[in-house]
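Peer 1: Each chain, written out:
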Amino acid sequence: MAEIRLEGLSKAFGAHRVVRDVSLTVADGEFCVFVGPSGCGKSTLLRLIAGLETASAGRILIGGEDVTDREPYDRHLSMVFQSYALYPHMSVRDNIAFALRTARMPEREVARRVAEAARILRLEGLLERRPAQLSGGQRQRVAIGRAIVREPKAFLFDEPLSNLDAALRADTRVEIAALHRTLGATTIYVTHDQVEAMTLADRIVVLREGRMVQTGTPRDLYERPGDVFVAQFLGSPRMNLVPAAAEAEGVRLAGGARAFAAPWARGPLAQVGVRPEQCRIVAPDAGLVAGLVRASEYHGSALHVVVETAGGDRLSVLAPPDLSLREGEAVGVDFAPEAAHPFAADGTRLQGG
Amino acid sequence: MRSRAFENAVLASPLVLFLLAILGFPALLSLVYAVSETTFRTLTAPRFVGGANFAAVWADGAFWRAAWFSLRFGAITAVLQCALGLFLAVYLYPLIRRHGWMVAVLIVPMIVAPAMMGLMYRLVLHEFVGPVPHYLYLWFGWSPAFLSPANVFATVVAAETLQWTPFAFLLFLAAYGAIPQDLREAAMVDGTRPWRLFWRIELPLMMPTVFVALFVRFIDGFRVFDNIYTLVGAGPGGATTSLSIYIFETFLRRAEIGKAMAAAVLLFLASTLLFVAARALVLRGREGRG
Amino acid sequence: MALRWAVFGLAALLLNFPVIATAVTAFKAPGEVTRNPSLWIEEPTLANFAAVLTASDRLNIYHHLGNSLVAALIGAVLPLVVAFPLAWAMVRRGVGRGVLFPVVVNLRALPLIIFAIPLYMMYAAAGLLDTRLGLGLVLAVVNLPLAVLLLVNAVGDIPAELEEAARMDGARLPRLLLRVVLPLCRPAFVTAFVFGFITAWNEFLFGLILTTREAVPVTVGASFFFATAGGGVQWGMAAAVMVVAALPPLVLGLVMYRRITGSVMAGAVKG
Ligand SMILES: Nc1ncnc2c1ncn2[C@@H]1O[C@H](COP(=O)(O)OP(=O)(O)O)[C@@H](O)[C@H]1O
Ligand SMILES: [Mg+2]
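Chains as they are written, first to last, in this note's numbering: chain R, 1 to 353; chain W, 1001 to 1290; chain Y, 2001 to 2271.
Keep in mind the hints are simulated off the structure, nothing from the lab. Every residue gets a Cβ at the ideal spot worked out from N, C-alpha and C, and that includes glycine. Heads up, some of the hints might be wrong.
Quick list of simulated restraints, FRET-style, between CB atoms [said to hold, decoys possible]: (1) Trp2005/Y with Ala1158/W: 23 to 29 Å; (2) Leu1017/W with Ile2041/Y: 49 to 55 Å; (3) Ser38/R with Ala1027/W: 50 to 56 Å; (4) Leu1269/W with Ala2126/Y: 25 to 31 Å; (5) Leu1197/W with Ala2160/Y: 37 to 43 Å; (6) Leu168/R with Ala2160/Y: 23 to 29 Å; (7) Leu1017/W with Ala2160/Y: 47 to 53 Å; (8) Asp1190/W with Gly300/R: 41 to 47 Å; (9) Leu1197/W with Ala2126/Y: 58 to 64 Å; (10) Ala1158/W with Ala132/R: 43 to 49 Å; (11) Ala1083/W with Ala2160/Y: 41 to 47 Å.
Bound-form chain R, shown alone (with noise of 0.2 Å):
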């Protein structure tokens, strides 16, 4: 296991910067997930640090080590692809293996390790078949079980579970943290869906057009996101911006009834961010905004309210699932001023927010 440190990395495909100055330091045994939009360059940093990229600029260091230049089998690491990558004329037991025997590891300990992995994965039954005999949860188990048998500096995964169904992928999901939980291992997860980043993680870093945006803990990005990109991109639903202006008396909603004190109350203030599960639906007259609502979506734990001001801005609130609204009907909403998040014009986070 090993510390993985990026120092001003870069990638350009020809005029392409799609990777950009990227520096980052995943301490050993910490579980980091890059997330962001799809094409914003998590596959590509991550097959840098495998090597499978050459860096346009700047250095990877693992475990102290530059291997900037280094091929990938010499860096120790192991991957587990989003295809999985499965040797098709392998049997899952060769395909566990191979790792093992291209070291030239003595058969008896391949034999050892594969066997301990496919107890961890619960592949025992399987060991025999083609990797076209098996389900894509199966599928997926051997993948990681080709990259844990090796024993690496560190674990990369690139989107592993966008190829299974929703059921499977929460199941897998529990099980990649138990995983880690149980081997300790430096790992770095890619993913574009926010529920895998805010689960899995003990550190997200967000990543857009290349340039890495925030970086911290799921619970610090989602209830102090540095900018409203972060802000909207993790949580769901999306947090509401609401454009609002800071008066003598304190801060007022776009068209709203009445103003809330908050110490952020200054000139720079452009809007105000609320995520919908902070928001309430309140009398007409009764919350810091008025509106009529648009739609209602029952989803059964709660009530999602699409409401829209005289503006023309649109909130979403989860409301009490027993709350019925009828569309059209004139609502207030309310949240608690601890709730709201500042940004300026150009989108960032004011201090004191």
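Given the coordinates of chain R, work out where chains W and Y with the ligands should sit on it, guided by the hints.
Peer 2: Frame of chain R; chains W and Y with the ligands shown alone:
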């Protein structure tokens, strides 16, 4: 990165060395001999004669007759094979989808050596022992002289066509099978009759394959040697002398090595030109249809 | 459907007529061949096959079959050996895509006679005339374009992630090629071998020009039989020779007829 260049060189070298040894050196030789006068006795001492061999080929009426024969033979057999192959593929497709073995029956001719096929036709068309004249006499009281100057061209065209129609057939079968079934279903739901379905939907979708098939079959017809040579040789009065046979005869029969080489160089240039032009056509046809 | 079956029957008969007629003739007694040219055999006999398969001075069929077998094996295997590393380098690293690939594919379009004469000169100097090795080497050239096309397609169909996984698993180039890429290309190897073997076995022109006694392949040997039979061709025996000579590729081709389709397709795709 230096090591990667080295690796690439190692990976490419077996093929490159093989080609250089088997083709590169002979190519040089043929250029030397093409501008020399040589016989089989003076093989190692070619005498430089400049462009004389090329001039001799250029002035040789037999060369131009052979070129005309090859062009005509290639074009006619290609068209016939494609027409017949396309018909068989489309018409038999519903049967073949359920009985794959039918394909095996129809491709037997392409697995038989063309030279052997030529010999077989000698037997089959023979006026005393051949079944074809036998049955023609039996049923119609008449049989043409298949290998006479008047008929020999049609005979070799038929032989070539019957042997290689399966090739075109296979190509069209694959292309026809690759047309998405839902396209047909959509057209049929819209009330399209089978005939119209073929002309307006299926054939246009197979056009790239039609070009490819014509092209490949033309090339093989153009360079024909084996089956004609074993059936009739150069033919009565040289009537079936293809370019390949012309060069072969010039070389082995008449031992005019320099002239044969010069003709081979010309044929190489012509083939390459044809290839490049036809390839461009095929690629354009493919792009045009996305 | 009945009409379709009829068309199939007619096409099968027409296309295969020479083969059928030859096979029938091979089972006729010498006297019957001239008396009865029909497709009906009055007194089936194996005498022609017995005569052909009894080695004689005039025609030692085993000698020719052996020559064809050795030359065709060289001609079918060698292209695969030299094409495989290049195919990988071409797909993954673009090696030779600009010049080598078009040149090799272009070989498919050239009349073989162009190679035959200069090769005759070179072989005469190198002592390869009338040898099985010499014949096998040129047959390898004939099969090279298809081998390259099929292997390039096959390597191109392997997901890049699979090779990346192997690299992460520590495989360097030789192990990657032999343990991962090669097994995955196996269908292409089989296809190229089947078609290559058939093509090489059936080749005639090079046998005619480059061999004279020792290495004469069976296609050429069979035609000698027609030419040298003084006092007229013995049709029954000639037919039996052709049946024997055509049988090896036919058996291979019919058992593997799906492979033939594959190779015809590959040749056409890149044209
Ligand atoms: N080998 C490549 N050549 C050129 N562009 C590439 C290559 N790989 C990725 N890209 C581009 O880089 C960008 C980021 O890709 P990727 O890292 O796969 O994104 P993500 O995994 O975040 O969806 C995309 O615009 C993609 O088109
Ligand atoms: Mg990706």
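Peer 1: Now, for every hint given, state plainly whether the structure supports it.
Peer 2: Hint check results:
{"no.": "1", "hint": "Trp2005/Y with Ala1158/W: 23 to 29 Å", "result": "holds (24 Å)"}
{"no.": "2", "hint": "Leu1017/W with Ile2041/Y: 49 to 55 Å", "result": "holds (54 Å)"}
{"no.": "3", "hint": "Ser38/R with Ala1027/W: 50 to 56 Å", "result": "holds (53 Å)"}
{"no.": "4", "hint": "Leu1269/W with Ala2126/Y: 25 to 31 Å", "result": "holds (27 Å)"}
{"no.": "5", "hint": "Leu1197/W with Ala2160/Y: 37 to 43 Å", "result": "holds (40 Å)"}
{"no.": "6", "hint": "Leu168/R with Ala2160/Y: 23 to 29 Å", "result": "holds (26 Å)"}
{"no.": "7", "hint": "Leu1017/W with Ala2160/Y: 47 to 53 Å", "result": "violated (29 Å)"}
{"no.": "8", "hint": "Asp1190/W with Gly300/R: 41 to 47 Å", "result": "holds (43 Å)"}
{"no.": "9", "hint": "Leu1197/W with Ala2126/Y: 58 to 64 Å", "result": "holds (59 Å)"}
{"no.": "10", "hint": "Ala1158/W with Ala132/R: 43 to 49 Å", "result": "holds (48 Å)"}
{"no.": "11", "hint": "Ala1083/W with Ala2160/Y: 41 to 47 Å", "result": "holds (42 Å)"}
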